[in-house]
Amino acid sequence: MNRKTRNLALTGIAIALLAFFIWWAQGNLDGYKIQVTNLVAVNAILALSLNLIYGFTGMFSLGHAGFMALGAYVNALLTLTQDQKTTMWILDPIAWPFSVMHAPFFLSVVCAGLVAAFVALLIAIPVLRLGGDYLGIATLGFAEIIRVVLTNLSSITNGALGIKGIPGHANLWWNYGWFLITLFFMIRLINSNFGSVLKAIRDDEIAAKNMGINTFFYKVVSFTVGAFFAGVGGALMGSLTTTIDPKMFSFALTFNVLMFTVAGGLGSITGSVIGSIVITVLLEWLRIVENPVTIGSFEIPGIPGMRMVLFSLALILIILFRREGIMGMKEITWDGIFDRSKRGGKSE
Amino acid sequence: MKLSKVFLAVLLVFVLVGTACAEDTIKIGVYNSLTGRTAFGGQLELEGIQMAHQEVPELLGKKVELIVVDNKTDKVEAANAVKRLTERDKVVAVIGTYGSSLAMAGGEVAEAAKIPMMGTSCTNPLVTQGKMYVFRACFIDPYQGAGAATYAMKTLNMKKAALLIDVANDYSVGLATFFKQSFKKLGGEIVSELKYNSGDQDFTAQLTEIISKKPELLFIPADFAEGAIIMKQARELGAEFQIMGGDAMDNPELVKIGGDAVNGFIHTTFPYDATMKDMSPLAATFTENWKKIHPDKAPNVNAALGYDSYMLVANAIKTAGSAEPDAIRAALAQTKDFPGVTGNKTINATHDAESPVGIIQIKDGQRVYVGEVSPEM
Numbered sequence: 001m002n003r004k005t006r007n008l009a010l011t012g013i014a015i016a017l018l019a020f021f022i023w024w025a026q027g028n029l030d031g032y033k034i035q036v037t038n039l040v041a042v043n044a045i046l047a048l049s050l051n052l053i054y055g056f057t058g059m060f061s062l063g064h065a066g067f068m069a070l071g072a073y074v075n076a077l078l079t080l081t082q083d084q085k086t087t088m089w090i091l092d093p094i095a096w097p098f099s100v101m102h103a104p105f106f107l108s109v110v111c112a113g114l115v116a117a118f119v120a121l122l123i124a125i126p127v128l129r130l131g132g133d134y135l136g137i138a139t140l141g142f143a144e145i146i147r148v149v150l151t152n153l154s155s156i157t158n159g160a161l162g163i164k165g166i167p168g169h170a171n172l173w174w175n176y177g178w179f180l181i182t183l184f185f186m187i188r189l190i191n192s193n194f195g196s197v198l199k200a201i202r203d204d205e206i207a208a209k210n211m212g213i214n215t216f217f218y219k220v221v222s223f224t225v226g227a228f229f230a231g232v233g234g235a236l237m238g239s240l241t242t243t244i245d246p247k248m249f250s251f252a253l254t255f256n257v258l259m260f261t262v263a264g265g266l267g268s269i270t271g272s273v274i275g276s277i278v279i280t281v282l283l284e285w286l287r288i289v290e291n292p293v294t295i296g297s298f299e300i301p302g303i304p305g306m307r308m309v310l311f312s313l314a315l316i317l318i319i320l321f322r323r324e325g326i327m328g329m330k331e332i333t334w335d336g337i338f339d340r341s342k343r344g345g346k347s348e
Numbered sequence: 001m002k003l004s005k006v007f008l009a010v011l012l013v014f015v016l017v018g019t020a021c022a023e024d025t026i027k028i029g030v031y032n033s034l035t036g037r038t039a040f041g042g043q044l045e046l047e048g049i050q051m052a053h054q055e056v057p058e059l060l061g062k063k064v065e066l067i068v069v070d071n072k073t074d075k076v077e078a079a080n081a082v083k084r085l086t087e088r089d090k091v092v093a094v095i096g097t098y099g100s101s102l103a104m105a106g107g108e109v110a111e112a113a114k115i116p117m118m119g120t121s122c123t124n125p126l127v128t129q130g131k132m133y134v135f136r137a138c139f140i141d142p143y144q145g146a147g148a149a150t151y152a153m154k155t156l157n158m159k160k161a162a163l164l165i166d167v168a169n170d171y172s173v174g175l176a177t178f179f180k181q182s183f184k185k186l187g188g189e190i191v192s193e194l195k196y197n198s199g200d201q202d203f204t205a206q207l208t209e210i211i212s213k214k215p216e217l218l219f220i221p222a223d224f225a226e227g228a229i230i231m232k233q234a235r236e237l238g239a240e241f242q243i244m245g246g247d248a249m250d251n252p253e254l255v256k257i258g259g260d261a262v263n264g265f266i267h268t269t270f271p272y273d274a275t276m277k278d279m280s281p282l283a284a285t286f287t288e289n290w291k292k293i294h295p296d297k298a299p300n301v302n303a304a305l306g307y308d309s310y311m312l313v314a315n316a317i318k319t320a321g322s323a324e325p326d327a328i329r330a331a332l333a334q335t336k337d338f339p340g341v342t343g344n345k346t347i348n349a350t351h352d353a354e355s356p357v358g359i360i361q362i363k364d365g366q367r368v369y370v371g372e373v374s375p376e377m
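If you read the sequences in order, they're chains A and B.
This note's numbering numbers the first residue of the first sequence as 1 and each following residue consecutively.
This note's numbering numbers the first residue of the second sequence as 1 and each following residue consecutively.
Hints may contain errors.
[Stated by the list, open to error] Straight-line alpha carbon distances no greater than 25 angstroms define the calculated SDA-like cross-link-like pairs of lysine to any residue that follow: (1) B:Lys62 <-> A:Pro292; (2) B:Lys90 <-> B:Glu58; (3) B:Lys27 <-> B:Ala284; (4) B:Lys90 <-> A:Leu313; (5) B:Lys63 <-> B:Gly259; (6) B:Lys90 <-> A:Pro292; (7) B:Lys90 <-> A:Gly305; (8) B:Lys159 <-> B:Met132.
If you're looking for bench data, these hints aren't it; they were derived computationally from the structure.
Take the sequences, apply the hints, and build the full model.
Dropping the structure here:
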């Protein structure tokens, strides 16, 4: 059996195992654990999308929350029923055609991604002429603009009141389905010629230009694709929490996604996934330190906020001892597992 | 590469498994903003709830266990918190939270889990809209907005009003909209309607514009910190109109930040204040007990609403004679004239507690409870 068939078979088995796990989880885990498992998938999609922009192409973008907001709002407007929309828009009546638009969930998530990607394209053309920290500032500004526009367009977005009662279509199957689509797409993209160009731009843009690469084009495409998946992630997140408002998409959200990506390892697909799992689970699991604890006759009262102290400590430790993140730029691959000498080789 | 990932995921999910104790207790969950932007209100509400719990620690012969979870003033966290309470801790009822957007996220989860939720101070009408299992111990923004408009028109006799709205704050836009509707319906005129964003520090541009329109009244449904700054700047610019606000202004800090500028300011609130005259005996006992437990902290309306929320749930469990979520829900929906610290509570068809709207005026740096108003909707 050659390596290619072996890897294909192993990938198939892994997906089957994941499907089995989801099937099992739905019947056996309680809603709280399912919620956390769902969040893991959504966060992984977001971390992967930012990793494409920042980790693989080297563009320091802080606009993720904006693209997520667009995705979440498009999805909400497309999946809410007409009835819900008319009763919920109490500030200004909802504007046509937003009042009557409706789409099935899959299509609405795709639309969410496309709208985010389209806006990203508009932003990318002027902004990607900047580099480094300047790009960070400019994209941060655009994310804020998107948020402020959403706050003020109350006949479309219901303004600061937000939207509630979004149909909770985003169950484990959808979230992990989208996660696999994102993962597959990223792996194929990164291992293609296109991916090599992106890495070349990241490592040395001037050298890449000298090789005759139209770096601007590649950067725009990478930024747009990243934004597409950010929009998808935002749509799934909105559908998961069933309620959204503009305040949710502040800079803190971008920071969260950045944290998954950096803690996992910039420029590592495996890293982004592991980072999302570890941080999402850790954040919830650490709630135990906020509960009152009884040790012998001592009773320590629960301190709200303690969780964030420990969580920050964990982050500091990760960055102190593994500055490149959990995975660095390495990947876990089938070849790497079976063929120790070629560790860190190609994925799939 | 996927195999190891799946394995890791399974492993980590197992780590989440907590311990569940099978004692014979009634578990009531509390989720509130104990950290984050609105921690001030959330903490006070929790202290109110805990005080009520100390007074009624047992129901139907069983101990009541309070399980407190923080929501970090974050929507996703609020949904997680309620999921945790209903699914993992298996509570029979949930109390919380400060902040309507948080209550909406939590309410969705409670509704899906079929566990009754008692909102403390979430006044946005959308919180209970179309919900079977979501209630609240407070009145709603349309009611309060109408109360402010009625007071301005009937008692103060003012016909020209201006609005300054925090456009990024759901509470502010909601209250402003309903004030506007009622004020116009009662025959008033809105001469100016300007906006700002939460966190703004300079309001002179908007205020100059408003002053030029010569209103008799400026309605600012703002949070107390921004409200105090607005008043300061308005007085510095020479504005002489009356300023009114909503229940978010009901905070002792207001006078500290605003100084002299807040004198004469009127705001609507829930009918409770530690300084109010002719307090109901219940409110008097509450104030007294609070001062015993927290000698260095004055009780405010949030604490009182937290207290009332717990008492409403406790009362529902008592009248239902059962701690089954559905029985509690049914009993809560039928609550009528339940004596609370913030007035007698009747849960209406939309699951909001109807109680009169209180009016507070700041006089010489002191908050004076001047009376109550019945809104003309």
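Now the hints, each set against the structure:
Between the alpha carbons of Lys62 (chain B) and Pro292 (chain A) the distance comes to roughly 21 angstroms, so the proposed pair stays at or under 25 angstroms and holds. A distance of roughly 18 angstroms separates the Cα atoms of Lys90 (chain B) and Glu58 (chain B); the hinted pair therefore holds under the 25 angstroms criterion. Of the supplied pair hints, the one linking Lys27 (chain B) and Ala284 (chain B) is violated, its CA atoms being roughly 29 angstroms apart against a limit of 25 angstroms. Taking the CA atoms of Lys90 (chain B) and Leu313 (chain A), the gap is near 31 angstroms; set against the 25 angstroms cutoff, the hint is violated.
The suggested pairing of Lys63 (chain B) with Gly259 (chain B) is violated, with an alpha-carbon distance near 47 angstroms, which exceeds 25 angstroms. Straight-line distance between C-alpha atoms of Lys90 (chain B) and Pro292 (chain A) comes to about 18 angstroms, which keeps the hinted pair within the 25 angstroms bound. For the hint linking Lys90 (chain B) to Gly305 (chain A), the alpha-carbon distance of about 23 angstroms falls within 25 angstroms, and the restraint holds. Restraint check: the Cα-Cα separation between Lys159 (chain B) and Met132 (chain B) comes to about 40 angstroms, which exceeds 25 angstroms; the hinted pair is violated.
When the structure is compared with the earlier hints, violations turn up for hints 3, 4, 5, 8 and for no others.
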